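A.B. asks: Going down the list, the sequences are from chains A and B. The first sequence begins at 1468 in the numbering used here and counts up one residue at a time. The second sequence begins at 411 in the numbering used here and counts up one residue at a time.
No wet-lab data here; the hints were simulated from the structure. Treat the hints loosely; a few may be bogus.
[Claimed, not checked] Straight line, CA to CA, 30 Å or less: simulated DSBU-like cross-link-like pairs of lysine-lysine:
1. B:K476 <-> B:K548
2. B:K571 <-> B:K476
3. A:K1789 <-> B:K548
4. A:K1876 <-> B:K453
5. A:K1779 <-> A:K1789
6. A:K1850 <-> A:K1876
7. B:K548 <-> A:K1779
8. B:K574 <-> A:K1937
9. A:K1955 <-> A:K1668
10. A:K1637 <-> A:K1574
11. A:K1637 <-> B:K453
12. A:K1816 <-> A:K1876
13. A:K1574 <-> A:K1541
14. B:K571 <-> A:K1789
15. A:K1937 <-> B:K571
16. A:K1937 <-> A:K1816
17. B:K476 <-> A:K1668
18. A:K1789 <-> B:K522
19. A:K1816 <-> A:K1668
20. B:K453 <-> A:K1789
21. B:K574 <-> A:K1816
22. B:K522 <-> A:K1850
23. B:K571 <-> A:K1779
24. A:K1646 <-> B:K453
25. A:K1541 <-> A:K1668
26. A:K1668 <-> B:K571
27. B:K574 <-> A:K1779
28. A:K1779 <-> B:K522
29. A:K1876 <-> B:K574
30. A:K1876 <-> A:K1637
31. A:K1779 <-> A:K1637
32. A:K1816 <-> B:K522
33. B:K453 <-> A:K1486
34. A:K1937 <-> A:K1637
This structure is a prediction, so every number in the text was calculated from the model and none was measured.
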Amino acid sequence: MALLQIAEPGLSLDPHQRKIAVGIDLGTTNSLVASVRNGVAETLAGADGEHILPSVVHYSSDSAPIVGRLAEAKATADPYNTIQSIKRLMGRSASDALQLGDHLPYKFAPSEGGMPYLQTAAGDLSPVQISAEILRSLVTRAEARLGAELEGAVITVPAYFDDAQRQATKDAAQIAGLKVLRLLNEPTAAAVAYGLDQQDKGVVAVYDLGGGTFDISVLRLTQGVFEVLATGGDSALGGDDFDHVLAEWMMECSTYHAYDASSSRELLALARSVKEQLTSTREVSVRLPLSGETLNISRDQFNSLIQPLVSKTIRACRRAVKDAGIELGDIQDVVMVGGSTRVPLVQTKVGDFFGRAPHIDIDPDRVVAVGAALQADILAGNKPDSALLLLDVLPLSLGLETMGGLVEKVIHRNTAIPVARAQEFTTYQDGQTAMLVHVLQGERELVDHCRSLARFELRGIPPMAAGAAKIRVAFQVDADGLLNVSAKELSTGVESAVQVKPSYGLSDNEITRMLQESYSKAAEDRESRSLREQQVEAERLVGALRSAIAADGEALLSDQELKDLEAEINVLISLSEGTSAAAIEAGVDHLAQVSDFFASRRMDRSIQSALQGQRVDQLDKERG
Amino acid sequence: MDIAQNFFELFSIEPQFDVDTQQLSERYRALQREYHPDRHAHKGDREQRMAVQATAHLNQAYQTLKEPLQRAQYLLHLQGIETGEDNRRQLPGSFLMQQMELRESLFEVGNKSDPFAALEALEVEARQLETTGFSDFKAAFSSMDFALAEVCVRKLQFVSKLLKEIEAAEDRLDEED
Chain A
1468 MALLQIAEPG LSLDPHQRKI AVGIDLGTTN SLVASVRNGV AETLAGADGE HILPSVVHYS
1528 SDSAPIVGRL AEAKATADPY NTIQSIKRLM GRSASDALQL GDHLPYKFAP SEGGMPYLQT
1588 AAGDLSPVQI SAEILRSLVT RAEARLGAEL EGAVITVPAY FDDAQRQATK DAAQIAGLKV
1648 LRLLNEPTAA AVAYGLDQQD KGVVAVYDLG GGTFDISVLR LTQGVFEVLA TGGDSALGGD
1708 DFDHVLAEWM MECSTYHAYD ASSSRELLAL ARSVKEQLTS TREVSVRLPL SGETLNISRD
1768 QFNSLIQPLV SKTIRACRRA VKDAGIELGD IQDVVMVGGS TRVPLVQTKV GDFFGRAPHI
1828 DIDPDRVVAV GAALQADILA GNKPDSALLL LDVLPLSLGL ETMGGLVEKV IHRNTAIPVA
1888 RAQEFTTYQD GQTAMLVHVL QGERELVDHC RSLARFELRG IPPMAAGAAK IRVAFQVDAD
1948 GLLNVSAKEL STGVESAVQV KPSYGLSDNE ITRMLQESYS KAAEDRESRS LREQQVEAER
2008 LVGALRSAIA ADGEALLSDQ ELKDLEAEIN VLISLSEGTS AAAIEAGVDH LAQVSDFFAS
2068 RRMDRSIQSA LQGQRVDQLD KERG
Chain B
411 MDIAQNFFEL FSIEPQFDVD TQQLSERYRA LQREYHPDRH AHKGDREQRM AVQATAHLNQ
471 AYQTLKEPLQ RAQYLLHLQG IETGEDNRRQ LPGSFLMQQM ELRESLFEVG NKSDPFAALE
531 ALEVEARQLE TTGFSDFKAA FSSMDFALAE VCVRKLQFVS KLLKEIEAAE DRLDEED
């Protein structure tokens, strides 16, 4: 029988089908997936009907990880296996992670490389693998909703993400088996979604305060072209930090001081709920966990706690406006994005700074995914005539280490991407034959204050007097904001190139290993599921036969037949204790066959006994 | 895109210091529409790579012509004169003196009662030097006195560095605020 394809209403089954591409907002707190259907971009709901997927993964030793609301529910009971806010650790070194993670209940595994690994019941996992789990869940959702395999996705990242953080995001997609059409900056995605493309011309500022990151982008719009003039921010500042300062303050107010991982999670969840309530009320009364004390928290108190954090974002706004080369008065619109812009103090301060009321009319949680979906639709080739074009910039300067631990900038922040730039260096010692190329990102002058992206060696430089060799180091940043570096000695042509695999990133080998693991895990998962199914099937058959024998064995079977049947049953029982689903399945089929005569006899007998000795009206009654 | 074209040719504008920035940015967007990798996303790897190269070239051209100092440097570069950091030809003593003084006042800003006001005063002075520098350059370049034009550019490089330092000092003050 041919299977019928059933299309969701509104989805065409045209053979020249649209290519399915989605936009993914992989957030610190929440993630979403959106796609364009019938010309409209919308976020997709999961099986539970919810559009927002909490970016939480719960691991256990014996079953597949759980992502989302169900995982979130385990945060208090099983804090170390419930990973939240993993985006904060993306592209970070182990030592950064310790600093950032000091108020998050993570258990770090000792690691050889610079990359942090988290200890969970399912083994030691990198932030990249954990993020891949969230992506996988979103892909499954999208494929279920859209009824097709995905062509690829546009994944959004904070504009202020550095190369290591972007690379980590791309690696996560690779491990999840997802093709990345583009890494798109979140504020740019939001600007697109806001339908600002309908506006013909103008300068807009997008203030994006999420759970763990802050971005400010200034864009100039001209007939569908979104040109980012400048961007700034802080990739470790967000609504999470509001929760933390509030939770710490609550802890200080409490007489109880022995908070452990589980109770501090509870306190953190409480702080978040207080923060959310204070957006609409002026005062909240809470009972603290463990101590049971009651605490009154006013919005003013909360505001004074978060004031320094909000001021930090305003400073970044001032710098971005300056970098954009415009005056504050040139900005026509201010758009608020990210759940944390619901905080009243944030709205007030942003409004005060820009001198105009910010737009808060579109759901700040969904706007980024929607913008990404619009871009994905174009990149998949579905809208060849679209006027939309996004021109983005490099958020942080790229440079090289020079003598004395100083950084020489090769490409300055806010340079439009893609960009290629080369700089020439020379040797500083007579007869020097090798040179260490150390690539850094950041605005500071000292190597120690910048993010180390990669180190590689250029060897085989012919011995020459100091300063005679000419080494040309070329930087190339693609449209995803990802960097490639190559170095070449000009007189000999000795060359060395690296795809910048951040010092704290995953090597290609590691990614391949993780990919293989995830494939074999998926195969394992499938295998164990079908094993379990066949075992259940075997149990069911054995149980049915045994009760049939107990009821009718003596009457319907000869001694030999009974013995044979018992033997066959035992064969299946021992098979089902094994690990081969296929063998059990064959055993079930076999037992069903060899017991078929018994089933027929019982059937005949029950019909006979039903027809004999019973009156017709009784039969009818039973049937009715 | 013909990468052998010079940046002025790429944007079809006259190779001179005065540039209509609005026209420049319009041409930039038109070229981006044509060459940006996103416009070639569904094509093969080779086309993608070429698109990335073309837009990288375009971005560099645009940035060079947009920024007055880079534009001036590029005009000299087209005349075979390189004004990079390596070139340390002596500038007039009086100019260097003035630069040292300005820099000293920059270091002392932190001790002033109103450091923001002091910084702003410095910035105004530097901006003035910048304006004069550009008009001197324009005059020298258009009368084809390239040696003088080069001196102007190298003075402007000093001023530009000073302006960056003023900005950095402002950022630091902001942080402490």
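A.B. asks: Against this structure, judge whether each hint is valid.
C.D. replies: Verification of the hints:
1. B:K476 <-> B:K548: The given pair, whose Cα atoms are some 16 Å apart, holds under the 30 Å limit.
2. B:K571 <-> B:K476: 18 Å, holds
3. A:K1789 <-> B:K548: 26 Å, holds
4. A:K1876 <-> B:K453: Status violated; Cα separation ~34 Å.
5. A:K1779 <-> A:K1789: At roughly 16 Å apart (the allowed maximum being 30 Å), A:K1789 and A:K1779 satisfy the hint.
6. A:K1850 <-> A:K1876: 39 Å, violated
7. B:K548 <-> A:K1779: Violated, because 41 Å separates the two Cα atoms, which is more than 30 Å.
8. B:K574 <-> A:K1937: The hint holds at about 29 Å.
9. A:K1955 <-> A:K1668: This hinted pair is violated, its Cα atoms lying about 44 Å apart.
10. A:K1637 <-> A:K1574: Holds, at roughly 25 Å.
11. A:K1637 <-> B:K453: 21 Å, holds
12. A:K1816 <-> A:K1876: Since the Cα atoms of A:K1816 and A:K1876 sit roughly 34 Å apart, the hinted pair is violated (cutoff 30 Å).
13. A:K1574 <-> A:K1541: 16 Å, holds
14. B:K571 <-> A:K1789: Satisfied, since the Cα-Cα distance of roughly 16 Å is no more than 30 Å.
15. A:K1937 <-> B:K571: 26 Å, holds
16. A:K1937 <-> A:K1816: 51 Å, violated
17. B:K476 <-> A:K1668: Satisfied, since the Cα-Cα distance of roughly 20 Å is no more than 30 Å.
18. A:K1789 <-> B:K522: 24 Å, holds
19. A:K1816 <-> A:K1668: Between A:K1816 and A:K1668 the Cα gap is close to 26 Å, so the pair holds against 30 Å.
20. B:K453 <-> A:K1789: Distance of about 38 Å is beyond 30 Å: violated.
21. B:K574 <-> A:K1816: Holds, at roughly 28 Å.
22. B:K522 <-> A:K1850: With Cα atoms ~59 Å apart, B:K522 and A:K1850 exceed 30 Å; violated.
23. B:K571 <-> A:K1779: 26 Å, holds
24. A:K1646 <-> B:K453: Given pair A:K1646, B:K453 holds - Cα atoms ~15 Å apart, limit 30 Å.
25. A:K1541 <-> A:K1668: Given pair A:K1541, A:K1668 is violated - Cα atoms ~49 Å apart, limit 30 Å.
26. A:K1668 <-> B:K571: Roughly 33 Å between the alpha carbons, so the hint for A:K1668 and B:K571 is violated.
27. B:K574 <-> A:K1779: Holds, at about 21 Å.
28. A:K1779 <-> B:K522: Since the Cα atoms of A:K1779 and B:K522 sit roughly 24 Å apart, the hinted pair holds (cutoff 30 Å).
29. A:K1876 <-> B:K574: 13 Å, holds
30. A:K1876 <-> A:K1637: 25 Å, holds
31. A:K1779 <-> A:K1637: Holds - the C-alpha atoms of A:K1637 and A:K1779 are around 29 Å apart, at most 30 Å.
32. A:K1816 <-> B:K522: Measuring from Cα to Cα gives roughly 29 Å; hence the hint holds.
33. B:K453 <-> A:K1486: Holds - the C-alpha atoms of A:K1486 and B:K453 are around 14 Å apart, at most 30 Å.
34. A:K1937 <-> A:K1637: Outside the cut-off at roughly 34 Å; violated.
The structure fails to meet hints 4, 6, 7, 9, 12, 16, 20, 22, 25, 26 and 34 from the earlier list, while all remaining hints are met.
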